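Chains D and X, in that order, give the protein sequences. Read in order, the letters of the first sequence correspond to residues 1 to 284 in the UniProt record's numbering. Read in order, the letters of the second sequence correspond to residues 1 to 279 in the UniProt record's numbering.
Note that these hints are calculated values from the structure, not bench results. Please read these numbers as outputs of a predicted model, since none were measured by experiment. Among the hints, erroneous ones may be present.
DSSO-like cross-link-like pairs, simulated, lysine-lysine; straight-line CA separation at most 30 Å [said to hold, decoys possible]:
| hint | chain 1 | residue 1 | chain 2 | residue 2 |
| --- | --- | --- | --- | --- |
| 1 | D | Lys140 | X | Lys160 |
| 2 | D | Lys115 | D | Lys219 |
| 3 | D | Lys146 | X | Lys33 |
| 4 | X | Lys126 | D | Lys146 |
| 5 | X | Lys126 | D | Lys141 |
Here is how the chains run, residue by residue.
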Amino acid sequence: MNTAYNFAFFDEGSKREIRRATLKAIAIPGYQVPFASREMPIGRGWGTGGLQLTLSLIGKNDVLKVIDQGSDESVNAVNIKKLVSDTTGVATTDHTAEASLIQSRHRIPEVPLKKDQILILQVPLPEPLRYYEPSENETKKLHGEKEYSGAWLMLFEQIMKYGSMTTGADHPVMVHDRYVMAPSPIPRFDNPKMNESEALILLGAGREKKVYAVPPYTKVVSLDFEDYPFEPESFEDKHCRLCGSTGVFLDELVDEATDETFYQCNDTSYCIETLNEVEPFGVK
Amino acid sequence: MAEFEVPVLSIKNLNKQFGKGCPYCQDEESLVKNYCPVCGTVYACRDVSFDVFPGEVLGIVGESGSGKSTLMQCLYFDQEVTNGEAYLADYHNGEKNLFQESSQQQRYIRNNIMGKVYQNPLLGLKMNFSSIGNIAEKLIAAGNQHVGMMENRGTELLNKVNIPVHRRKEAPKNFSGGMQQRVQIAKALSNRPPLLLLDEVTTGLDLSVQASVLDLIKSLQRELNISIVLVSHDLGVIRMLADRTLVMLEGRVIEQGLTDQILEDPQHRYTQQLVHSLL
Ligand SMILES: Nc1ncnc2c1ncn2[C@@H]1O[C@H](COP(=O)(O)OP(=O)(O)O)[C@@H](O)[C@H]1O
Ligand SMILES: [Mg+2]
Ligand SMILES: [Zn+2]
Ligand SMILES: [Zn+2]
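Could you build the full structure based on these sequences and the hints that come with them?
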């Protein structure tokens, strides 16, 4: 542990301030709370929003997991883990179930989260209405008046253009029947995991200086139309080539030698855990 | 106009000023036109009252700066009035002053009971969204949740305003000025409002395009029997479409009556000048 820094890098005042914003965000599910985003030793756009939340929340007894698009091993995930453990000395893990704090970019883990866990999602663009309305002042008013025609209009435009709601990632959700929220660029597959989640979910945008939250057991509904219901990505009839899992988010890959398409768990730690579980079975 | 006919829209003593006013301009005589030379306050609309009846086209004519656009902005809640009253027959039986309603209610009124076409299409359209999307925006805002229905309605409306169906998914930024105004008209009509507000819709268009847009408005008005408030600085446009006309000058209504009467026998000196310049 690097003792040249205060515990968790920030001074206590800064951490308190971020926690205050976070508490407000929890009190108003889906509402974007501004906070004084700080300079970080990693570049903005590399998860500084999520990292600031992690640093403000982490305690000596926490166990941290960091994932980047499903991978615990990516450079980005490793750097963040290193920075946090260097300045706190807390243990890190790849196992979702063992972690008390999970910082993630673009995925919610496959292992269902529990009530003593906190998921922190990194957010590049917190404002779900931004493309529809460029002015922050105006979008604030729209949220205030619960005027979300723009959110549905953007989905309507996609249907006109592509014949379906092909947002892919970051499909907007209605939180607690009140605020429309950008769930961060998680695949549609992960949206339903937010609904009635046992774990607290926090979302942090560093560049845009916003924090928002889905408290435990909160209703989260993906926006859709009567004749175009929301649909997560489907991997029907497909399974992971390594662990055999079905019903998880799979990456599509091409075997360069045979030119064959195959699938693999996007959540690598889940894949490894499943492999380790299966093997003793085979031995028996 | 039957004697007991209920107005679609009723405006009473509408005032809109830009600026706080000062002791000097308490006395209206001290204004220069509609402007206080001491504090800079503009009295854009002054004590404006009128009714609009079912199926009627009410023209509002006046020189630039007379307060026409400000009046229309107030009616559509783009601007907050300084004071005054407005009643819509289709909103709580015409018993609630619209200007006192919450902004959420005012949004409801805009989206369900009114349509507006702006002189500047940038104010009425999302230039980067598809034309049919622009129409859907108003349908969605009024609570529509069915893509198929909205697509049908949008296509029907674009057809009505003579936008080729195969261009419905194009963004208005690709369209000519005349076509953009047609898309705005289609959008304004989308929820079948009883009242349409048109602010200088043909100003700035080529004469031939102007004529075709005016023809369109005329035929839609006949077909739908919708009430229209039509604002123009051009008495020629007013003559072509308006049943009745208000003449505005420096924020005030200085004359009103049947359009034919005003053209034949203008009373106010300013109106006389206006009519003369048309001849
Ligand atoms: N936002 C504003 N702030 C200050 N003055 C304004 C504003 N909008 C309009 N005005 C003034 O109000 C008066 C009426 O303008 P406007 O309603 O645009 O007239 P018209 O549409 O008849 O040309 C003008 O003197 C104009 O300068
Ligand atoms: Mg004007
Ligand atoms: Zn797997
Ligand atoms: Zn004054």
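Here's how the hints hold up against the structure:
With a CA separation close to 36 Å, the supplied pair Lys140 (chain D) and Lys160 (chain X) exceeds the 30 Å bound. With a C-alpha separation of about 16 Å, the suggested pairing of Lys115 (chain D) with Lys219 (chain D) holds against the 30 Å cut-off. With a C-alpha separation of about 42 Å, the suggested pair Lys146 (chain D) and Lys33 (chain X) falls outside the 30 Å cut-off, and the hint is violated. Using a Cα cut-off of 30 Å, the hinted pair Lys126 (chain X) and Lys146 (chain D) holds, with the two alpha carbons roughly 20 Å apart.
Taking the CA atoms of Lys126 (chain X) and Lys141 (chain D), the gap is about 18 Å. The hint holds against a cut of 30 Å.
The structure does not agree with the numbered hints 1, 3 stated previously, though it agrees with the rest.
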